[in-house]
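Trainee: Keeping the supplied structure of chain P fixed, place chain F upon it in accordance with the hints.
Going down the list, the protein sequences come from chains P and F.
So the mapping is simple: the numbering used here equals the position in the first sequence, first residue as 1, plus 156.
So the mapping is simple: the numbering used here equals the position in the second sequence, first residue as 1, plus 156.
Accuracy of the hints is not assured; some may be wrong.
Which copy is meant is left open, because identical chains are indistinguishable; a pair holds if it fits in one copy or across any two.
Below, computed lysine-lysine pairings styled on DSSO-like, alpha-carbon distance capped at 27 Å [as the list claims (entries may be wrong)]: (1) 270 / 357; (2) 294 / 204; (3) 294 / 357; (4) 297 / 270; (5) 204 / 178; (6) 209 / 270; (7) 310 / 357; (8) 319 / 297; (9) 319 / 209; (10) 178 / 310.
Read the hints as simulated data drawn from the structure, not as lab findings.
2 protein chains.
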Amino acid sequence: MRAVLQRVKGATVHVDGKLVSKIGPGIVALIGISTEDTVAEIVPLANKILNTKLWNENQQATQILVPPQYEPESSPTANEDPPSSTTSLAASNGEAPETTNARAEQVWGGKPWKRSVVELGGEVLCVSQFTLFARTVKGTKPDFHRAMGGDSAKVIYEALLKKLGDGYAHDRIKDGAFGEMMDVSLTNDGPVTILLDTAEKK
Amino acid sequence: MRAVLQRVKGATVHVDGKLVSKIGPGIVALIGISTEDTVAEIVPLANKILNTKLWNENQQATQILVPPQYEPESSPTANEDPPSSTTSLAASNGEAPETTNARAEQVWGGKPWKRSVVELGGEVLCVSQFTLFARTVKGTKPDFHRAMGGDSAKVIYEALLKKLGDGYAHDRIKDGAFGEMMDVSLTNDGPVTILLDTAEKK
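Bound conformation, chain P alone (with noise of 0.2 Å):
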């Protein structure tokens, strides 16, 4: 199995324009399985999504300025601020070294690769993406032939879910929509992105 980790402050999924999930800080896991995976590499891939660390020491969910688009529904602000809202309140600051400085401060005070997601506090989205397992060495067509088939790899992956649920808390991991056509947005924090692969030896 592989999956594509980006630390996110936030993401969406929609499918027909209706939004089906969505999380806060955390992490959005693209997941890929191959016709040669069995059940046997769900542990090992869910344990690294959720100890993996990629925050910084002192960095809680809690202190990540969230995108609007991506705030929760009970926020009363969630759906009216256009989504340059942020960046005209930041823009507006200017260059004023101060104001970087207390930015980054707050971003990335503390040594980093420190904390996992759950001791960040924060949330997982699991993507499906058959796409992973594309050869792309020969030619410009991406060749599939590596990548499992919907019904053994819809069984895999809610395998994997469940794992990442009972490992850390169910209410945290949050699910597209397996096989369907979707729209995934996020917002990569720095950007950080990480390649699994449970075929990698040690």
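Mentor: Chain F in isolation, oriented as in the chain P frame:
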């Protein structure tokens, strides 16, 4: 070199809340450079980015509905619509199969994996991402020893940008902010995410 290609409807890069780059439909390419890489990797990687067929045979960049936050600044509504406007509009159509199929036809009409970003008439946003060479198989803290350091990596990264521009059009190739803390926002269309690695054998 490694690249994570995401097929997007649009994307932005902000640094300290300030917009530094924006694209419409095309590719966000996260670029990782290892200590073993040389300029020899640039041509094959640039060719893969420009020529890999990620869109359907009849798709054009101008047909793809761009989320408002990624619209060009010349558009009068670009910064006025809340991020949920497209969602609300589509959601109000309910579950009517005609509407859903019409949209699917618009998005997915024709055979898939037929058009490259060049054939689509799309844009490419490159963002340097040293974490793509993170080693994660041992322990929980990513090990970045295989990632090439800043100054040397920047030379190769900028040569890649130039090669992409030479191979397509310089005004269609956008950049993030090398080495800066960025917010990389995007809407992945599908999602479609492709992993490229120049060390992979044919």
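Trainee: All the hints need checking, so say for each whether the structure fits it.
Mentor: Hints, verified against the model:
For the homomeric pair residue 270 and residue 357, the shortest alpha-carbon distance inside one copy (24 Å) is at most 27 Å, but the shortest distance between copies (35 Å) is not. Proximity of residue 294 to residue 204 under the C-alpha cut-off of 27 Å is restricted to the inter-copy arrangement: shortest distance 10 Å between copies versus 31 Å within a copy. In the homo-oligomer, the alpha carbons of residue 294 and residue 357 lie at most 27 Å apart both inside one protomer (25 Å) and across protomers (10 Å), since each shortest distance falls under that limit. With identical chains, the CA atoms of residue 297 and residue 270 are at most 27 Å apart between copies only, with a shortest distance of 7 Å across copies and 40 Å within one.
For the homomeric pair residue 204 and residue 178, the shortest alpha-carbon distance inside one copy (22 Å) is at most 27 Å, but the shortest distance between copies (32 Å) is not. Within a single copy, residue 209 and residue 270 get their C-alpha atoms as close as 5 Å, which meets the 27 Å cut-off; across copies the closest is 39 Å, which misses it. When the C-alpha separation of residue 310 and residue 357 is checked against a cutoff of 27 Å, the pair qualifies only within one copy, where the shortest distance is 25 Å, while the shortest distance between copies is 30 Å. In the homo-oligomer, the alpha carbons of residue 319 and residue 297 lie at most 27 Å apart only across protomers (21 Å), although the nearest pairing inside one protomer, at 34 Å, exceeds that limit.
Taking CA atoms no more than 27 Å apart as the test, residue 319 paired with residue 209 passes inside one copy only; the shortest distance there is 19 Å, against 35 Å between copies. In this assembly of identical chains, the alpha carbons of residue 178 and residue 310 lie at most 27 Å apart only when taken from the same copy (21 Å versus 35 Å across copies).
The structure meets every hint from the earlier list without exception.
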